[in-house]
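Protein sequence lines correspond, in order, to chains A and B. Numbering-wise, the first sequence is residues 1 to 105 according to the working numbering. Numbering-wise, the second sequence is residues 1 to 404 according to the working numbering.
I should point out that these hints are in silico values taken from the structure, not numbers from a laboratory. Check before you lean on any hint, since a few could be wrong.
Unchecked claim - Just the calculated beta-carbon pair ranges, DEER-fashion:
(1) A:Asn10 to B:Pro64: 13 to 23 Å
(2) B:Ser117 to A:Thr91: 51 to 61 Å
(3) A:Pro103 to B:Arg145: 48 to 58 Å
(4) B:Gly395 to A:His60: 51 to 61 Å
(5) B:Glu83 to A:Arg78: 42 to 52 Å
(6) B:Gly78 to A:Asp76: 37 to 47 Å
Where a beta carbon is used, it is the ideal one built from N, C-alpha and C, also for glycine.
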Amino acid sequence: MSNFTVISRNGQVVSVEGRAGISLMEHIRDAGVDELLALCGGCCSCATCHIYVDDDVQPHLPSLSVDEDDLLDSSDHRRPQSRLSCQIPFTPELAGMIITLAPED
Amino acid sequence: MHYDCLIVGSGHGGAQAATSLRQHGFEGRIGLLGEEQDPPYERPPLSKDYLLGSKTFERILIRPPEFWASRNIDLLLGKKVIEIAAEEKQVVCAGGATFSYGHLIWAAGGRARRLSSPGHDLSGIHTIRNRADVDGLVGDLADARRVVVIGGGYVGLEAAAALTNLGKSVVVLEALDRVLARVAAEPLSRFYEQEHRDHGVEIRLKAGVAGFIGSEGRLTGVVLQDGETLPADIAIVGIGIVPCVDPLIGAGAAGCNGIDVDEYCRTSLPDIFAIGDCARVTSAHGLRIESVQNAHDQAMAVARTLCGELTPYRATPWFWSNQYDLRLQTVGLSVGFDETIVRGDPAARSFSLIYLKAGAVIALDCINSARDYVEGRMLVERGARVSAEVLANSGIRLKSLLAA
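Given the sequences, and given the hints that come with them, work out the whole structure.
Structure follows, in structure tokens:
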């Protein structure tokens, strides 16, 4: 199984089938979670695809780039688990994880 | 057919208006009407990833195709509104279809401005505004070697970068004395001119087009006003858009180059709003802002208003442009600036251009400098007054200037 779980802002839980190489942002959008704006389309130019990722899969994530780090700083809701979902392609190691949409800024 | 809210225009603004209406609990019938046959898709990749072929069309859809029905939003695609009867609250489409509305959100955007010079209708001359434009362009690319881009704005420069990456020989013609003249100050223009030249693009300034020549109906060259002919297999005309406003103006809405709206995006006609590229906010800057952010945030404000919470549009403008490995992020509106400050070293390909008006920071253009973009936004939003020497010192974080 390559599914993972998305929790939307209103607490709705959606199970999503992971597709290798496709960003988490695209997975969330394609699952119909309409709160995710992803206004720049995934080119790391805004911070409207902000999510929180489970601590236990953090080691499997690509490292935070300087730009992503700076853009996350623009959010009032940044936490240690914060990432921009457009910057994380799905990989098999991420199966089973739970990600949560960050509140709207 | 009657819609409690009819949205005309299936671009970023229209799509977000429909989505936001449902998010805020709008229970009436929603129609989302668009000229194109495709469900709403992102336009910025048309001059970048989609042109390059690095993203398929399915990957630039704003929402998956089944999303609209799942939210009980009727997609009315392939329809063009030609007339609005504001008193009867009806729109009429080409072909005769008629829809009545409770509220109308006009989000029709604009169409690519074209040239009327001799030869303008030869095949091989393209614009970049919608999917069909780019599909046509891509279809022509395989046999093309020499491309002339007419217009040194963002679309033209992004196309020049993409086509250079695809191995084409590219010339950019700009009528003014620098690229990006309409949207940025000179240091940014000169930086991009140099970057493109370094990538092999020929940039010609103060170069007007007299016409096009061809053979058997197909473009072979672009004729300049000084008489020179540049051989070309393809020409791309990137000289801006013409806002799609005729039916609204015909119905009596105030406006000329765009539809005049107040801070709630209300037009002068009852129950008709206008958002996005075609809306001119007369209560604020009096400009049409052509950006995803503007369309999107105006859509959200109107959706809230229609759901009972009167909401003015007051978002801070932002914009981005990707060319080669350069990411430009702008925040604020530089219109009316009286001073610019270069922060950082353009030669290092990471710097910011800060715009001041009467001593206050009003906008930043940040090249490969997301930190300045994020921290500079706060300066813009507060209209911060900081000395030029301090702003120019990239060793001092912009956010540290907020308390000052």
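Right, here's what the structure says about each hint:
1. Range check, Asn10 (chain A) to Pro64 (chain B): Cβ separation about 19 Å, and the 13 to 23 Å hint holds.
2. The beta-carbon spacing between Ser117 (chain B) and Thr91 (chain A), approximately 52 Å, falls within the hinted interval of 51 to 61 Å.
3. For Pro103 (chain A) paired with Arg145 (chain B), a C-beta distance near 51 Å keeps the hint of 48 to 58 Å intact.
4. At about 36 Å, the beta-carbon gap between Gly395 (chain B) and His60 (chain A) misses the expected band of 51 to 61 Å.
5. Distance hint check for Glu83 (chain B) and Arg78 (chain A): the Cβ-Cβ separation is about 50 Å, which falls inside the suggested range of 42 to 52 Å.
6. Under the hint 37 to 47 Å, the C-beta atoms of Gly78 (chain B) and Asp76 (chain A), about 42 Å apart, fit the expected range.
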